[in-house]
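Given the coordinates of chain A, assemble chain B onto it according to the supplied hints.
There are 2 protein chains.
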Amino acid sequence: MEYHFSDRVLTLKPSAIREIFKYAADPSVISLSAGNPAPEAFPAREIAEISRDVLANRAVEALQYSITEGYAPLRTHLKEYMKSHHQVGRDFDDILITSGAQQVMDLVTKSLCNEGDVVICEAPSFIGSLNSFRSYNARLRGIPMESDGMNVELLEKALQEEPRAKFIYTIPNFQNPSGITMSLEKRRAVYELAKKYGVLILEDNPYGDLRISGEPLPCIKSFDEEGVVVYAGTFSKVISPGMRVGYAIAPSALLQKMVVCKQGEDVHTNIWSQIICDSFLTNYDFDAHLEHLREIYRKKSAVMLHEMEKEFTPYITWEPVTGGLFAWCTLPDKIDMLEFCKQAVLRKVCVVPGNTFLTDEKEPCQSFRINYSTPTDEQLVKGIDILGELVRDMMK
Amino acid sequence: MEYHFSDRVLTLKPSAIREIFKYAADPSVISLSAGNPAPEAFPAREIAEISRDVLANRAVEALQYSITEGYAPLRTHLKEYMKSHHQVGRDFDDILITSGAQQVMDLVTKSLCNEGDVVICEAPSFIGSLNSFRSYNARLRGIPMESDGMNVELLEKALQEEPRAKFIYTIPNFQNPSGITMSLEKRRAVYELAKKYGVLILEDNPYGDLRISGEPLPCIKSFDEEGVVVYAGTFSKVISPGMRVGYAIAPSALLQKMVVCKQGEDVHTNIWSQIICDSFLTNYDFDAHLEHLREIYRKKSAVMLHEMEKEFTPYITWEPVTGGLFAWCTLPDKIDMLEFCKQAVLRKVCVVPGNTFLTDEKEPCQSFRINYSTPTDEQLVKGIDILGELVRDMMK
Numbered sequence: 449m450e451y452h453f454s455d456r457v458l459t460l461k462p463s464a465i466r467e468i469f470k471y472a473a474d475p476s477v478i479s480l481s482a483g484n485p486a487p488e489a490f491p492a493r494e495i496a497e498i499s500r501d502v503l504a505n506r507a508v509e510a511l512q513y514s515i516t517e518g519y520a521p522l523r524t525h526l527k528e529y530m531k532s533h534h535q536v537g538r539d540f541d542d543i544l545i546t547s548g549a550q551q552v553m554d555l556v557t558k559s560l561c562n563e564g565d566v567v568i569c570e571a572p573s574f575i576g577s578l579n580s581f582r583s584y585n586a587r588l589r590g591i592p593m594e595s596d597g598m599n600v601e602l603l604e605k606a607l608q609e610e611p612r613a614k615f616i617y618t619i620p621n622f623q624n625p626s627g628i629t630m631s632l633e634k635r636r637a638v639y640e641l642a643k644k645y646g647v648l649i650l651e652d653n654p655y656g657d658l659r660i661s662g663e664p665l666p667c668i669k670s671f672d673e674e675g676v677v678v679y680a681g682t683f684s685k686v687i688s689p690g691m692r693v694g695y696a697i698a699p700s701a702l703l704q705k706m707v708v709c710k711q712g713e714d715v716h717t718n719i720w721s722q723i724i725c726d727s728f729l730t731n732y733d734f735d736a737h738l739e740h741l742r743e744i745y746r747k748k749s750a751v752m753l754h755e756m757e758k759e760f761t762p763y764i765t766w767e768p769v770t771g772g773l774f775a776w777c778t779l780p781d782k783i784d785m786l787e788f789c790k791q792a793v794l795r796k797v798c799v800v801p802g803n804t805f806l807t808d809e810k811e812p813c814q815s816f817r818i819n820y821s822t823p824t825d826e827q828l829v830k831g832i833d834i835l836g837e838l839v840r841d842m843m844k
Numbered sequence: 449m450e451y452h453f454s455d456r457v458l459t460l461k462p463s464a465i466r467e468i469f470k471y472a473a474d475p476s477v478i479s480l481s482a483g484n485p486a487p488e489a490f491p492a493r494e495i496a497e498i499s500r501d502v503l504a505n506r507a508v509e510a511l512q513y514s515i516t517e518g519y520a521p522l523r524t525h526l527k528e529y530m531k532s533h534h535q536v537g538r539d540f541d542d543i544l545i546t547s548g549a550q551q552v553m554d555l556v557t558k559s560l561c562n563e564g565d566v567v568i569c570e571a572p573s574f575i576g577s578l579n580s581f582r583s584y585n586a587r588l589r590g591i592p593m594e595s596d597g598m599n600v601e602l603l604e605k606a607l608q609e610e611p612r613a614k615f616i617y618t619i620p621n622f623q624n625p626s627g628i629t630m631s632l633e634k635r636r637a638v639y640e641l642a643k644k645y646g647v648l649i650l651e652d653n654p655y656g657d658l659r660i661s662g663e664p665l666p667c668i669k670s671f672d673e674e675g676v677v678v679y680a681g682t683f684s685k686v687i688s689p690g691m692r693v694g695y696a697i698a699p700s701a702l703l704q705k706m707v708v709c710k711q712g713e714d715v716h717t718n719i720w721s722q723i724i725c726d727s728f729l730t731n732y733d734f735d736a737h738l739e740h741l742r743e744i745y746r747k748k749s750a751v752m753l754h755e756m757e758k759e760f761t762p763y764i765t766w767e768p769v770t771g772g773l774f775a776w777c778t779l780p781d782k783i784d785m786l787e788f789c790k791q792a793v794l795r796k797v798c799v800v801p802g803n804t805f806l807t808d809e810k811e812p813c814q815s816f817r818i819n820y821s822t823p824t825d826e827q828l829v830k831g832i833d834i835l836g837e838l839v840r841d842m843m844k
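Residue numbers (the working numbering), protein chains in the order written: chain A, 449 to 844; chain B, 449 to 844.
Chain A extracted, bound-state conformation (with noise of 0.2 Å):
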């Protein structure tokens, strides 16, 4: 038998993160390349008790068919702490549920682009999400990275050349990969453009929760009168990314289309995990178990720096880390980025090659990227003591 293929999976290959996951599984190799979450940082023992309690008394309620927005309480519950919390959501909005926030990009994409219209992202970005473009044959227009974020001339340039941009994709607190926060100024910036262009903003904030320093900055969301921004949120990094439960706060007239392109994927997200979610954020003090995060991220943030100081200077440089779960670092002219994460590999450190997150794989980079949530402090202390071997060593 010959098999055909649809157009939009010929290009589309799998995700090097999770192939280099798959590589990372060798026990014996130092895995610096995932973004899981500190194993520690799951609340295992509450889960439990939820878990427990939910399949006592009301077991049906877990186990049968429910409907494709979402348990209704949890619906509810999220509405009102985001509102209260994060000033996100008017009126005009309403909130589906998601089988993680992926979902949420797959959808909004799969909502508003045809083949061929433009999505305005961030460069690097979050390879996950730009796959989920691709996957409908959008074509993507990366932006610059400064250090307060995207160059909002740049992107403005952008909005003018391409008429068929349906929205600017932006992970505005820490972003994955470049641990960049978008200043407050740049907020107001990309949304009055968005405005001023009729084009949507997909809002993504995995990470807005795990700030460890500095003051936490409003939500583009929390902005939005005029219903041009999708929100997108998630409990993979502050409960469990295994239950993948994710969300999208958006205008109601997009929103029920994103619930019908569902209906047509999976029906509705578990609904076990849904219910352990509501009751966590009601019943338990959420906003304790965020600061105990916190201190997590804090700690080992802390031991990633001090080492990476000591190892990597001068040779190694990187960007600010103030949250989230990555260090952004950057390699000597002189040194070819894609033979250091190779020969990094061969010493049995593995590390993300910056291009992967680029629109365009081709273009330059000079960077690679750091996970310091998932490994014990002392695989950190240890890969990053090998990458500083091996940058000294290519340098000679």
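Treat the hints with care, since some could be wrong.
It does not matter which identical chain is used: a pair holds within one copy or between any two.
[As the list claims (entries may be wrong)] Straight-line Cα separation of at most 20 Å, EDC-like style, residue types lysine to aspartate or glutamate; simulated pairs:
1) 644 - 494
2) 461 - 542
3) 782 - 743
4) 644 - 610
5) 531 - 610
6) 810 - 474
7) 527 - 594
8) 643 - 450
9) 644 - 450
10) 643 - 601
11) 527 - 539
12) 527 - 808
13) 531 - 673
14) 747 - 826
Quick caveat, the hints were computed from the structure, so don't treat them as lab data.
Quick look at chain B alone, frame taken from chain A:
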């Protein structure tokens, strides 16, 4: 803000069943419109037991990110089970765990169909799948159902006339909505035609284990020595639909494309539920559980059939019920089917109008679908009594 949606969602409507399902949430309405397993069919005690063990002893495994292909032990055990019990799977096949079988429909279409490509389906067929195909702008070509499965002559005619046909979608066992089971001869004929015309088969088998009378027939996939068939399985009807665990067994070349598409849709399926399914399949007596389910549905269908004999005769006829969750009932020509369904709602009984399941909803249809798994015996009897009274009133 003005929204410009993609062409594919402009004509997409929410599933009529899901909409009726919302209406049916009114507790005073007897819903014969759902497709939910009987609540007493859930192995709730065993699920609670496994869940307790998993969250106590290997919580991190259940809560952390995992790989897109699915939980490795479940993939192994399911492959073995499907091979030994159903002769499904060859060396060229592989298995992907999905978020319900619905996601198999989505991923197969996404991997195979460009816009305007053709999906050949039984007419009537499962609306959720049809909507999934439609969501990629595939064109549907319906093949009329006969009492032993689709009309094979018309299938060959369609294959001759549709050079852009990508796959044939079939539910061979206790089809939704018609309840019809495809004969062995037709299974072989459909397989041979698919091979002859180089078109794949998507075999959806959610109800195969729920046979209440007669002898099981082999899956079409069990004939497959050439990589022509994608098999879609699910735990929704035999463990729990709220968990959203399905699977595809398909030629590796196609499955790899589906994996990449799944990565962009939801990264992976909820891990807790994959572990539950694996443990229930391997550490409990799964075959005894299936026999227990069949006993439940044997009893419920007997209640329904007894009442239909009494109330529907001679006006309403129905297809023989030998398994699955549905009865397909046909009204006399004198009665307007849509009007009948509307009147039924006014008398507080919900059924699904048959035209919902056609590739073209505007085609004439005298049938409606009754579900007998979800209502209690009392509701079933009362609902059928009301429908019987209604048909007699309308025949006056």
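So, going through the hints one by one against the coordinates:
no.	hint	verdict
1	644 - 494	neither (46 Å within a copy, 57 Å between copies)
2	461 - 542	between (34 Å within a copy, 18 Å between copies)
3	782 - 743	neither (38 Å within a copy, 73 Å between copies)
4	644 - 610	within (14 Å within a copy, 46 Å between copies)
5	531 - 610	neither (33 Å within a copy, 52 Å between copies)
6	810 - 474	neither (28 Å within a copy, 57 Å between copies)
7	527 - 594	neither (33 Å within a copy, 49 Å between copies)
8	643 - 450	between (48 Å within a copy, 10 Å between copies)
9	644 - 450	between (49 Å within a copy, 12 Å between copies)
10	643 - 601	within (15 Å within a copy, 56 Å between copies)
11	527 - 539	within (11 Å within a copy, 49 Å between copies)
12	527 - 808	neither (37 Å within a copy, 38 Å between copies)
13	531 - 673	within (13 Å within a copy, 57 Å between copies)
14	747 - 826	within (13 Å within a copy, 61 Å between copies)
Violated hints, listed in ascending order, are 1, 3, 5, 6, 7 and 12; each of the other numbered hints is respected by the structure.
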